[in-house]
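Undergrad: With chain A's structure known, arrange chain B on it following the hints.
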Amino acid sequence: MCLAIPGRIVSLVPDEPHLGVVEVTGVRRRVDLGLLINDMPKIGDWVLIHVGFAMSKISEKDAVEQMHLLAILGEGEAAMTEVRGYGLEEIAEFRSTGESPGGEKGKRLLQ
Amino acid sequence: MRYVDEFRDPELITKASEEIRRLAERERHYRIMEICGGHTHAIYRFGLKDILPDNIELIHGPGCPVCVLPMGRIDDGLAIAQKGDAIFAAFGDMMRVPGTHGSPFEHKARGTDVRIVYSPADALQIARKNPERHVIFFAIGFETTAPSTALTLIRAKREGVHNFSVFCNHVTIVPAIRAILDSPDMRLDAFIGPGHVSTVIGCRPYEWIARAEGKPVVTSGFEPLDLLQSIVMLLRQLRAGEAKVENQYKRVVPWEGNLAALKAMAEVFELRPHFEWRGLGFISQSALRIRKEYAEWDSEQRFDVPETRVADPKAAQCGEVLKGVLKPAQCKLFGKECTPEHPIGALMVSSEGSCAAYYNYEYRKTASLVTEISSVA
Chain A
0 MCLAIPGRIV SLVPDEPHLG VVEVTGVRRR VDLGLLINDM PKIGDWVLIH VGFAMSKISE
60 KDAVEQMHLL AILGEGEAAM TEVRGYGLEE IAEFRSTGES PGGEKGKRLL Q
Chain B
0 MRYVDEFRDP ELITKASEEI RRLAERERHY RIMEICGGHT HAIYRFGLKD ILPDNIELIH
60 GPGCPVCVLP MGRIDDGLAI AQKGDAIFAA FGDMMRVPGT HGSPFEHKAR GTDVRIVYSP
120 ADALQIARKN PERHVIFFAI GFETTAPSTA LTLIRAKREG VHNFSVFCNH VTIVPAIRAI
180 LDSPDMRLDA FIGPGHVSTV IGCRPYEWIA RAEGKPVVTS GFEPLDLLQS IVMLLRQLRA
240 GEAKVENQYK RVVPWEGNLA ALKAMAEVFE LRPHFEWRGL GFISQSALRI RKEYAEWDSE
300 QRFDVPETRV ADPKAAQCGE VLKGVLKPAQ CKLFGKECTP EHPIGALMVS SEGSCAAYYN
360 YEYRKTASLV TEISSVA
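Going down the list, the protein sequences come from chains A and B. So in numbering that gives the first Met the number 0, spot 52 of the first sequence is number 51, and the numbers just go up one at a time. So in numbering that gives the first Met the number 0, spot 307 of the second sequence is number 306, and the numbers just go up one at a time.
Chain A with its partners taken away, still in its complex shape (with noise of 0.2 Å):
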């Protein structure tokens, strides 16, 4: 529960302006957005995750070596399961297929 888990933005809700479609190591959840409403991400950009709410911006260095941190804690398995477990919507699990540091390269320093 006090994970925090870092994501990049993949894309916007069109209908529901404060959700977001991120992406974490290959897997792509909708959370919602409305704690960063006086300085919304864009897409592209890195937040940290916490209970299915992006909590602050933080850069893709950041977010990297976040994913290294849960690794090293042994919170990885756990991470993913929380992200697989955000039920806002059934969209399939997706694997990333380009070079974007939240696909392979999070997923390698997950495993």
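To be clear, the hints were calculated from the coordinates, so they are not data collected in a lab. Bear in mind that the values here come from a model prediction, so they are computed numbers and not experimental data. Just so you know, not all the hints are guaranteed correct.
As the list claims (entries may be wrong) - Label-pair restraints from in silico Cβ distances:
{"id": "1", "chain 1": "A", "residue 1": "T80", "chain 2": "B", "residue 2": "A239", "range": "41 to 47 Å"}
{"id": "2", "chain 1": "A", "residue 1": "P13", "chain 2": "B", "residue 2": "P97", "range": "43 to 49 Å"}
{"id": "3", "chain 1": "A", "residue 1": "G43", "chain 2": "B", "residue 2": "T338", "range": "44 to 50 Å"}
{"id": "4", "chain 1": "B", "residue 1": "T338", "chain 2": "A", "residue 2": "G73", "range": "15 to 21 Å"}
{"id": "5", "chain 1": "A", "residue 1": "E88", "chain 2": "B", "residue 2": "H161", "range": "19 to 25 Å"}
As the list claims (entries may be wrong) - Pairs of lysine to aspartate or glutamate, DMTMM-like flavour, derived with a Cα cap of 25 Å:
{"id": "6", "chain 1": "B", "residue 1": "K249", "chain 2": "A", "residue 2": "D61"}
{"id": "7", "chain 1": "B", "residue 1": "K249", "chain 2": "A", "residue 2": "D14"}
{"id": "8", "chain 1": "B", "residue 1": "K156", "chain 2": "A", "residue 2": "E64"}
{"id": "9", "chain 1": "A", "residue 1": "K60", "chain 2": "A", "residue 2": "D44"}
{"id": "10", "chain 1": "B", "residue 1": "K243", "chain 2": "B", "residue 2": "E255"}
{"id": "11", "chain 1": "A", "residue 1": "K56", "chain 2": "B", "residue 2": "D8"}
{"id": "12", "chain 1": "A", "residue 1": "K60", "chain 2": "A", "residue 2": "E88"}
{"id": "13", "chain 1": "B", "residue 1": "K14", "chain 2": "B", "residue 2": "D74"}
{"id": "14", "chain 1": "B", "residue 1": "K14", "chain 2": "A", "residue 2": "D14"}
{"id": "15", "chain 1": "B", "residue 1": "K262", "chain 2": "A", "residue 2": "D44"}
{"id": "16", "chain 1": "B", "residue 1": "K243", "chain 2": "B", "residue 2": "E24"}
C-beta: ideal position from N, C-alpha, C; glycine also.
TA: Leaving out everything else, chain B in the frame of chain A:
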């Protein structure tokens, strides 16, 4: 040094630990409390104790929301769900936490509709999908989690989802620190401030600790280097005879916090006059309840709550461990009656509790060493 190969910057780690040794005065004993349970977990996982000199003692603070939740609240939440034939939704961390009549999982086995959710937004989603059922979200957490619950309630009210309510157990960290500082047997020199709580509340709420209590506070990140740098910053202040609030975790923590999150919390929550903490007892103005404007979405205002009170087991010395008077292993029950598999005291309940962290990383290691040695002999 365990796990040192996994550290990202071994040279910087060595530098920071040398600086700590240089700054720590030999004749002095330092007692530094890390407030956040995430820090406690990281400190044990990284074996930071092995890096620090013997005269720097880390005391593990109250920042584990599962640990400090009184058993009576779990009993109450499950009782109203059962009686109202409601869906009981909670984070996975809560599922094995024992209540008087068993954990949420055990209640599920007996027929209560218990669901794991990973977000308060998911509990609301269950309510949207099951309009004929009532959904109770059992909310726990410090200021890191409270804004998400608040926004979820704002959305529920705006959308008019009437079959959803929150059983609110959100607590606030600063009054707990005050309670620890006020206790007569407390001996602490400085604080490692929480990381993620501070992304919400910022650094200002800790200023009184520095000003009125004369204790330095440094909000810290979670990497080994973050924690060591924070200790360096604290030792520099102590050596100079200063006490101020500093922010080591600037890359994530803004000094003023997250104003949108604070606004959402203020819209939905107000302070309770007092709230009970496991191990610490009643602390005034230390928890949040739902404002009357949101009464329809407040499980406590909507249902008849039994208000169960379960006294902490007398033999468990959680309070002393929380205040740093005792080390986890010095409690009479530690590792005997009280283990992570069968927790009796609050601090053994969650992996972020100091007793569970100590048990998992230190005690098991020693126990297996003893077995190895005796099998060789």
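Undergrad: Each hint should be assessed against the structure and marked as holding or not.
TA: The hints, checked one at a time:
Our hint of 41 to 47 Å for A/T80 and B/A239 holds, since their Cβ atoms are close to 46 Å apart. For A/P13 paired with B/P97, a C-beta distance near 46 Å keeps the hint of 43 to 49 Å intact. Checked against the hint of 44 to 50 Å, the pair A/G43 and B/T338 passes, with Cβ atoms roughly 47 Å apart. Distance hint check: the CB atoms of B/T338 and A/G73 are about 19 Å apart, consistent with the given range 15 to 21 Å.
At about 22 Å, the CB distance of A/E88 to B/H161 agrees with the hint of 19 to 25 Å. With a CA separation close to 11 Å, the supplied pair B/K249 and A/D61 stays within the 25 Å bound. Under the criterion of a C-alpha separation no larger than 25 Å, the hint pairing B/K249 with A/D14 is inconsistent with the structure, at around 34 Å. Using a Cα cut-off of 25 Å, the hinted pair B/K156 and A/E64 is violated, with the two alpha carbons roughly 38 Å apart.
Distance check on the hinted pair: A/K60 and A/D44 sit about 12 Å apart at the alpha-carbon level, within 25 Å; holds. Proposed proximity of B/K243 and B/E255 is supported: the alpha carbons are some 16 Å apart, at most 25 Å. Note on A/K56 and B/D8: the hinted pairing holds, with a Cα-Cα distance of about 24 Å set against a maximum of 25 Å. Of the pairs offered as hints, the one joining A/K60 and A/E88 is violated, with about 29 Å between alpha carbons and a cut-off of 25 Å exceeded.
Among the hinted pairs, B/K14 with B/D74 is inconsistent with the structure: their alpha-carbon atoms are about 50 Å apart, more than 25 Å. The suggested pairing of B/K14 with A/D14 is violated, with an alpha-carbon distance near 52 Å, which exceeds 25 Å. With a C-alpha separation of about 24 Å, the suggested pair B/K262 and A/D44 falls inside the 25 Å cut-off, and the hint holds. A distance of roughly 20 Å separates the Cα atoms of B/K243 and B/E24; the hinted pair therefore holds under the 25 Å criterion.
Hints 7, 8, 12, 13, 14, counting from the list given before, are not met by this structure.
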